[in-house]
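A.B. asks: Here are the chains, one letter per residue:
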Amino acid sequence: MDKRIVNPMTEFRLNTQTVSVAPLAGERLSQTLREGLGQLDVKVGCDAGDCGACTVLIDGAPVCACLTPTHQAEGRHVETLGGLAKHDPDAQRLSESFQNHGAAQCGICTPGMMVSAVALLRETQTPSPDQVKDALGGVLCRCTGYRKIIDAVVASPSTQTAEAGDGTVGSSIPRLDGVAKVTGTENFGDDVAPADALVLRIIRSPYARASFTFGHIDDWLANTPGVEAVLTSSDVPGQNLFGVIPDFVDQPVFAETETRFLGEAVAAVVLSPDAVQGFDVEAFPVTWTELPSAETVSGATAPSAPQLHQRREGNVMCAGFVQQGDASQALSTADTCVEGRFQTGFVEHAYIEPEAGFAQMVDGRIEVHACTQAPVMDLEGLETILGMDRKDIRIIPTGVGGGFGSKLDLSVQPYLALAALHTGRPVRIAYSRSESMQSTTKRHPADIRLTISASQDGRIQGMDFSGDFNTGAYASWGPTVSNRVPVHASGPYRVPNYRAEARAIHTHNPPSGAFRGFGVPQAAIAQESLFDELADKLGIDRLQFRLLNALENNTPTVCGQVFEQGVGVKACLTAIQSAWDSERTAAASYNSTNRVQKRGVGIAAGWYGCGNTSLPNPSTIKSGIRADGSVVLHQGAMDIGQGANTVITQIFAKALGIDVQQIKLIGADTDVTPDAGKTSASRQTYVSGSAARLSGLALRAAILQRVNASDSAKLEFGNGAIRVIDAASEHVIDLSLLPYDAHGYVFGAQETYDPPTKPLDENGQGVPYAQFGYCAQLVVVEVDTALGTVTPVKFVAAHDVGKAINPLLVEGQVEGGIAQGLGMALMEEYIPGRTENLHDYLIPTIGDIPPIETIIIEEPDAHGPYGAKGLGEHVLIPTTPAILNAIKDATGARLTQIPATPARVRAALKELADDN
Amino acid sequence: MAYFAPTALNDALSLLASEDVSIIAGGSDVFPARGQAPMQNSLLDVTRIEGLAGLQWGPNGLRIGAATRWSEIIKADLPDCYAGLQAAARTIGSVQIQNSGTIAGNICNASPAADGMPPLITLGATVEITGPDGVRRMPVDEFVTGPRQTHLRAGELVTAIHVPPLPGYTRGAFEKLGSRSYLVISITMVAVVIGCDATGRIDFARVAVGACSPVAKQLTGLEADLIGKMPQQIQISTDHLAPLAPITDIRADAGYRLDAVAEQIKRAVGKAAISNG
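Going down the list, the sequences are from chains S and W.
First residue of the first sequence? That's 1446 in the numbering used here, and the numbers climb one at a time after it.
First residue of the second sequence? That's 11 in the numbering used here, and the numbers climb one at a time after it.
Chain S with its partners taken away, still in its complex shape:
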């Protein structure tokens, strides 16, 4: 008997076709489907069954393709989203429902979600929300907060139609780039490399701090089949350094003598594609010597601590400072004072798409295709590393499967570019989940001490904030965090006497960088928690206390900035007043009949300045009209799922006076689309949106001017002409008669917008931002006092967005931000070496996010396009403190360290009981 599979081929039905493959022993079905069969709609997020993105149906049952040996598919029927979307009526209705509900944001989890949902819909045509949760519980989403996914599946059988209309500002049109996401055809970082591309693997430090020596790399290279090249720091033609803040460029592409965090790169191996599955990273000739490390702020600031960087004494990288009035005087003379210390841990972005891309040489230029939030910054970083002129570098971003701040920094790009330059061939890489988690940036752990005082009538008198932020081994966006925190740590309140200092401290950890809110969420935990304590001590209702102290138009912020308009925090707080009253009554009634389960209601407010802090951050948007009458928008604001492609287009369409569906979008590409800046700092709707508005207005003005039409004229484009209908008269511009520019545009406009800000002085006084967005959230939680588990049961979120360009997308940002805030509050903590996967590092699942009621407040901003303000980061700022306040309300226990895991909550409850 030959017990091997007699036929070396494995044959199965893939969607509607029979396929035959020859997998290696132990090859994952996800690998075979993607690499062997080109089924790129199957996404890989973890290779461990933790995220479900790769879900396929085998004989109708959803399984993770990454956990399935390809050989097990023999004789079976494998269905993927790509096939289902083409042939399965349930899937087609579902696609439409996902689009209409805004259930796909970045789209990387969407195939897993939809395939799982199809299996459910085949069993149950009208599933309940609980059935949807059970069926989709194995697929993680980091963008949406899941609620719209639940709605989309529940509503699927009776597909509601999308909001009709021209997509003008204020209308909830489905996202313009959504169809590819809900049919599995969107191309992300790992979906674009040519089939013959070489493959990179990176050699990383196994220790937080280590010295290392390479063995005989040349011999190893010559004697290891399939290894095409090895790259180390000596192969970097330019500077072996990168960073995002000009004065803080400190991170080597490859460590040269010593590594400063677990997972830091020291070398890269370039493999032929067929050698990848057999390659053992452990075989690489390197010897490590572990060195004493400083992994905590206290360790790193101890006198004997190893220094991470020269000229950063005591491992203090930098500090931010804001001062107004006399805080110490106000605190010492106040009627009532509260103080506290609050601690947070590393938080991982945990987008479902690990960093991925490919690079190639094209006519002597280097071209990098990768997921990114900041294509032009990538280009500038590579300019330095490669020592090349920027005209010889082109960045073509792929679809981005979530970013949340971490994909602002370079990750795969330098390695890809170096390898492509070195070999002259296309080279690709997709980080494994663990190397993504080990090597990319995190949210800063914070250790905050805060004191706040108020007078008997409830007016805040003084506030003193002191925070140490663990910035990890390299600068990344640490300077931004230390600058932003003191500006925001007051919360959206009038604080006449204020002192705030935030230090960024180096440790032997992955770099802490940008993560939705740049340190402000950590600061808000301290401030909003102590506001509750202060209100209680004063005997004032917690919401009334906030209303009493909330900023208004014409009241100065702690930076001395006075807004004459647009301050919407009172409106947000007022909007949650009725929920505050009714939910507190309901919780009291619930608690009167429940001994172990206790409900509590928590509130918190927040604010966030949109755009860079007192620094220029222009966006440029170009548009043009071709001779055939088509309208083209060069939209370079990276859409990482938040909806820039849709929102910027809606703004442009309104300015030009045209239906959005008529606009042809050209995405970010450093060769053809001007710099719309980074997708960060909640700036795209505001800053790039303003540039899009200016671009649309300029284009419109040029057209109107040609025929001397009035501002109110209506424009119609098409068939090689523009019809300008102006009151009684009508003009037709025959575009074939007009000269066109190098881009083929007969009319063109390129406009730039840069928010008006002013520098901060040595006391942090000035104009840091041209606009702030504001918010207030309420949460009801249920605490199991015996086990310490906390279950949020409802959120009400009021957000002042100035003008909701697309209310559906606003809700999507609110729900997604709340989900991240909930994760940070209750379950998320990255511990290097211990939680480097998505089963030890927990993010919320579909069962963890309760219903969220979004209340949109529109307090127009004079600077924003049609009054719009930024939103993305604002959302999670109040979520964590609101949850902590609700736990306190439910149980009397004040949690001062997050995540509030069951063990920590239970310990706090026991301590409370012991104290009583």
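Derived by calculation from the structure, the hints in this document are not laboratory data.
Any given hint might turn out to be false.
[Claimed, not checked] Negatives, chain S to chain W, calculated, CB over 10 Å:
hint	residue
1	T1571
2	V1584
3	D1725
4	T1829
5	G2005
6	R2151
[Said to hold, decoys possible] Derived pair list, reagent style DSS-like, types lysine-lysine, alpha-carbon separation capped at 27 Å:
hint	chain 1	residue 1	chain 2	residue 2
7	S	K1982	W	K85
8	W	K239	W	K281
9	W	K239	W	K85
10	S	K2043	W	K227
11	S	K2043	S	K2239
12	W	K85	S	K2355
13	S	K2043	S	K1836
14	S	K2043	S	K1531
15	S	K1982	S	K2043
16	W	K85	S	K2043
17	W	K227	W	K239
18	S	K2159	S	K2109
Positions of the beta carbon are idealized from the N, C-alpha and C atoms, including for glycine.
Use these hints to put chain W onto chain S, whose structure you have.
C.D. replies: Frame of chain S; chain W shown alone:
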């Protein structure tokens, strides 16, 4: 390196004897453990072996084939004493994992947090091991000897789990504690099978705890003390939990685990006793 997928048990056994193979069933532990590392040896896929999957009733109770997937156990129509096992099955990972992962895989992976172990212990399950010298059986909690360690010898294969008949009036329950709703490794878990007499007092008790010791533990002292008690009035003492040896890890500290387990036992007993009441 080869991938063997025999359909006959004898072929599988002779492969185990002659080849350097690792056993793979659902793959839900094999692949995550391997990560990006290359295969070190050939694989023996046991999921196509005839008779290795599925549930079969006999005079000596229920035989659950080693390669039976958790989803099959969830869907099966089983007596009330299996309610804990079925509840545990529903909490294993996700639908995707339940459709792949097998009952014997869960046991052979020998994780202290294996969700299948406590309910199988409370059911008095035994492991059927087939090897070159024939078939042997041992209780499930003896078979697993420690984290990632079992009594499986070279050349042997787990072929089934056997559950002896239990009194028809008994009912099982399972309590799992984790930090999120789905896809969660247990901080602690408790399985019980409880029977009550006509007066509502407990007259049959099995209690097992997972994730609080290297191998899930049956609390026989507690079981004895539960007899004669009303389900809503049971007390859990330090002595009852003495067989446990929880550790402190990223999920929780040891003290919390003991604290939580005591509460979970009360809840599980209460839940199992309700329908007997």
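A.B. asks: Hint by hint, say whether it matches the structure.
C.D. replies: Right, here's what the structure says about each hint:
no.	hint	result
1	T1571	19 Å, holds
2	V1584	8 Å, violated
3	D1725	5 Å, violated
4	T1829	30 Å, holds
5	G2005	43 Å, holds
6	R2151	60 Å, holds
7	S:K1982 x W:K85	55 Å, violated
8	W:K239 x W:K281	15 Å, holds
9	W:K239 x W:K85	33 Å, violated
10	S:K2043 x W:K227	32 Å, violated
11	S:K2043 x S:K2239	14 Å, holds
12	W:K85 x S:K2355	41 Å, violated
13	S:K2043 x S:K1836	63 Å, violated
14	S:K2043 x S:K1531	49 Å, violated
15	S:K1982 x S:K2043	22 Å, holds
16	W:K85 x S:K2043	35 Å, violated
17	W:K227 x W:K239	22 Å, holds
18	S:K2159 x S:K2109	19 Å, holds
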